[in-house]
Every structure is written in C-alpha cells, then in structure tokens.
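Asks: Letter by letter, the chains look like this.
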Amino acid sequence: MVKPRTRAFLTLAGWALLLLLWQVIVSLTRPAALQRVALAFSTPRDGSVCVVVLGTVGEMMLQEPLSLEIPAAESEGLRLRAWIKASQPTVVGMPPEAPGGDTLKSMLQTVRQEFGGGLEPVEVSLPSGTDSCAEARRRAAMTQSARAIRAAWLPDPWEASRALIEMAANGELLRHIVASVFRVAAGVGLALALGIPFGLAFGSFAWLSAPANAVIQVLRPISPIAWLPVATLAFGGGDLAAVFLIFLAAFFPVTVSTAAAVTSVDLKYRRTAINFGVRGIDLARRVILPAALPSILTAVRISVGIAWVVVVAAEMLGVESGLGYLVLDARNQLRYDRVVAAMMTIGAIGFLIDAAVRYVERIELERRGLAGHG
Amino acid sequence: MDERAIRICARGVRKSFRDRKGEVRVLDGIDLEVRDGEFVAIVGPSGCGKTTLLNCLAGFERIDGGTIEVDGEPVRSPSPRRVLVFQESAIFPWLNVAENIAFGVSSATPPEQIRRTVQRYVDLVGLRGFEHVYPNQLSGGMKQRVEYARALAVEPDVLYLDEPFGALDALTRLEMRREIVKIWQQTRKTCVLVTHDVEEACELADRIAVMTRCPATFVDVVVNPLPHPRDPDGSELRLLRKRLFAALGVERRV
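Residue numbers (our numbering), protein chains in the order written: chain A, 1 to 374; chain B, 1 to 254.
Bound-form chain A, shown alone (with noise of 0.2 Å):
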C-alpha cells in the first residue's frame, strides 16, 4: 500500500517523466536549422571590396576583390552580375555606410532588378580589420545564422503549452471541451439508459442470452468508427452521428457486463429474497441491480474510455466542433502546436473522466466494504 501523499507525488513523477521525454525526443530529432546562400562584401577600402559567398553549408563558393572606381564600374558590375547567377545568394550582407558604399549599392540594386528581387540585403556592422576578404567572410556567416530557416517540426512541451495557453485565453480551447463532453456524455448516456436494463433481461432469461449474445458478439468486434459512413447517411453528418457513434461504443461493453454481473449474482441473494416474496421487477430493483452495480460501475468506467477515444475519431469528419475536429483543424493549418496542444487536452480530459467515475466506483464500493483496487 502507497499512502495517498505518496501516490499524488509519484503521479506527478510520472507525468514530469513524460514531459521530459517528450522534450528529448523533440531535441534529439529535430533537423537542423536550414542555412542561406549569403553573399557579403567587405567595407570599402581604397576602392575596392571584397565578395564572399557562402554555400548552405557554410562552405566558400565564391571569394574575388571587386573594384568600385568609376571607369570599372560596369565591367565590375558584369563580373557581379555572373557571380551571383552562378551561386544563387538568396541574403546579402552589407557592410555599414562608407565611402563607395553607394557605388556598391546601386550595382546591387542593378542585379536585383534584373533577377526581380530575392537578394534580401542585411546590413551586418563589424569592426573593420585589415584583411578585407576575413571581414567578408565574417559578414557572410553571420547572415547566413541571422536569416537561417528553422525547418517545421513537432513542437516541444513549451511551444504546445504556449499554443494551449492561447486557445484557453481565447475561449476556442473549452467550446471544443464542451462540444466533445457534451457527445460523450449523450452517447453514454443513452447507452446506460439502454444497455443497463437490456443486460438485467439478457441475465435474467435464460432462453434471451443466447439469441442476445449471437447478436452483440458479431456487432461488438465492429469499431464504431467503422460505422461513421452508416451514421453520416442515416443521421447526416451533424451531432446526432458521433452521438451514435459513441452510444454504439459504449452500448455493448456495458450490455455484456450488465448480463455477465446478473448471472453472477449469488444465489443466496436471490433466494433470500424469494424467500421474503421478492420476486420479479421488484427483485430486479432491489436485489439484482444492486447486487451487479460494481460490476456495471466498472463497465461504465471502461465504457467512458472507448467512448472518450471513440469522440476525437468521430469528430474528424463531419463535424465542425470538439477536441477531434480541432486536432485536425489545427493540422490543415500546419499548427502543430495547436495539434499537439490539442492531444493535451484530449489526454488531461480522459484522465479527469476516469478519475471522476472511479471515484464514484470507489465510494460504491467503500460502502460494502469491497473497496481495494484504484
């Protein structure tokens, strides 16, 4: 036996684990960042600079002095031209004001129109040295990790918790949390309204189970998901289909169980109440049901389960609502973090479900003096 301190401390261990694993693993398999072709020129010096081309993986494609006299100028500005359509430089880096510094920016301002843009210019300040072409490839690196691409990639607790944090302030997180309660809770609902009192019967008349369980056991293998097409045509593709689909969920689990627990019932009981003239719908009522209620407690648990894991399924067709729909929602917008932020949701949401039925279970059970799992 864990005390109950204890336990409460070793749940969060385990969640912390969780939480540092998933951080691991989006660390170790995220891909580097993607770098630019930059391309970088030297501050002028004595009319003249130098021009250093970095590649994407920062190795040197391109290093040449360039002279900025006037006379040269447009022969310069076609050596330029040839070097930057060979090695496609997407960043360039500039060095700050200085003199030839404009004769420098309208050659450049020449390529690009001619290549229509896409020479993004960053003006990189470095304390001038006295070799030109060290400066220039200085300044090229260092464009290439101020403009580096971070590829897309599954977000790291924070960048979830960041994305969660912003739909909870919004409001959008909990009309998905109510959308996904709400059909969860009409699906089980509706299932327990049906399947408690088909199961008393099925128990209790010998001749229905088998006809009965000929019936649930080829229906129950089939996934509820599976009767999405079904459902979309009969219901049309509103709430009243994953309310479906969630009472078919839950419906047999709870069915079987509820049959099981009243052929289990104890024979003593039923005949003490024979014997005291209880017979029928009154036994039934007061002896039967009670008697099969942790075991329909435990059905029910299990039932809430499949329906919780059963609604994200369901809500990714048909619907615009619930914790399902944003998952997906959120993927078309490439948001990962909202996806993920959603899969929180969804997992925090079980949790709290489970927690609260077997709670009930628990107190069910603490009264007869049974109480010993959970």
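It should be emphasised that the hints constitute simulated quantities derived from the structure, not laboratory data. Model, not experiment: these values are computed from the prediction. We put the beta carbon where it would ideally sit given N, CA and C, even for glycine.
Computed list of lysine to aspartate or glutamate pairs in EDC-like fashion (alpha-carbon distance at most 20 Å, straight line): (1) K268(A) <-> E163(B); (2) K143(B) <-> E88(B); (3) K268(A) <-> E99(B); (4) K268(A) <-> E61(B); (5) K268(A) <-> E88(B); (6) K182(B) <-> E155(B); (7) K143(B) <-> D266(A).
Residues of chain B clear of chain A, computed beta-carbon distances all greater than 12 Å: (8) S16; (9) G126; (10) R213.
With the hints as your guide, set chain B onto chain A.
Replies: For chain B alone, kept in the frame of chain A given last:
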C-alpha cells in the same frame, strides 16, 4: 403425548440429482413431523443431504416423491411464512442493518409500523445502536443477528437454520447458540436446525433426528426434554451425545 398441532409433516420424501454419471439419490424416504413451537435438529455427516432436505422443506427444491405439508398445505414454493437462514451470511451488503431487517416486510406496511417492527427485532437480537451500520463493519456474530432479525421481522411460522454457526469462530459460535435459545424462548417459533455438530444439536433441540449417509434416511430420533439453559457437561447430555454418536456410527468415549 405432545398436544401441540403438527406444523410440518413430511412423508416419504425422495429427491435425486442428475450429474454426469447419472442419477444420484440424495433423499430416500424421509419422514418428519415437527410440532408447533418445537425445536428440531437434524444431524448427519457432511454431504449427506441435510441441506437438500431443508431446501425441500423451504420450497427451494422440488421433491421427486412423497409429500411435504406445512399447516396441512403442500409446499410448492418458498414463502415468507417459512424463512431459511443460510449457512453463510446472506444479508445484503448494500443495505444497512435497519434496511436489511426491513427487507422482507411488505412495502404496503405503513412506514411508522415498519420502523417499530425493525426496532423491536433490533432490540431482540441486541443490535441497538447499529441500525445505520453497513454489514462490512459488523462481526460474523453480528451479521448473524441481523440475519435472524430479518427473518423474524416478517413474522414467519417456521425458521429453517442451515448450519447457521458454520462460518463463525468457536467463541462466537457458543455465544450465538445462547442467542438462538434466547430468541426461540422469546418468540416460540417452530425451528428446524441442520447441523453436523452433535453438541450443538444437544444444546439447542427438543428432538434430534439422525441422518445417514447418501441416500439419506433417518436412523434414529432422540427426544431431549431437558430445560434451558442446559449444561453441556451434565450427565444427561453426555448420555445423549453418546447415543447420537453411536447412531452416526462414530463410537466415542465420553
């Protein structure tokens, strides 16, 4: 000669069960008469059909031959007029003591009267103060008291007791024997007790029928007229026990 009316009258009762090997005859021509207010014990070795006989007398099992009549009417099904108290505790764990005792009382009874009936039997079995306690918090002996109170609350004519002390520890067993005698003296219900414990039968019953092994018949019926409370070590009971052990085929020096 006993002047009291005959409550239970069984004649030539036969009962067989079917199993894989064929038919097993359990009861083979049982005759038994129990008079109003009498305490009769049926002793016999384990598995000899004592419980089957009791189930037949209570109407839970159909008999294959012979007749069983209670107050001149053939027994066909269980009735609140004849309550069977089971070997293991059969009080309902989902009801508290008062609710258990009220279980068999007709729901047409006015609530005030139900309350009074419950209180009367709670007092009789000495459970005052435990009315709202659930069975899981009761000891084995207390559960048994609830069982008697629940049986008595429907005012039955006959109480059938099926090895009622079987599941109790030795001390509680002695205590519950006294309790039964006390209840019986206060209510004067007709009681039929089934047991394999000869001492228990001697201490409680007016008359003791000895049953043989399967298929069962009665080999001896011993009258035990001693007044209560009885001294289990008295010479009369010693002689009685000796005779019963002899009838059961277990010679024993006492």
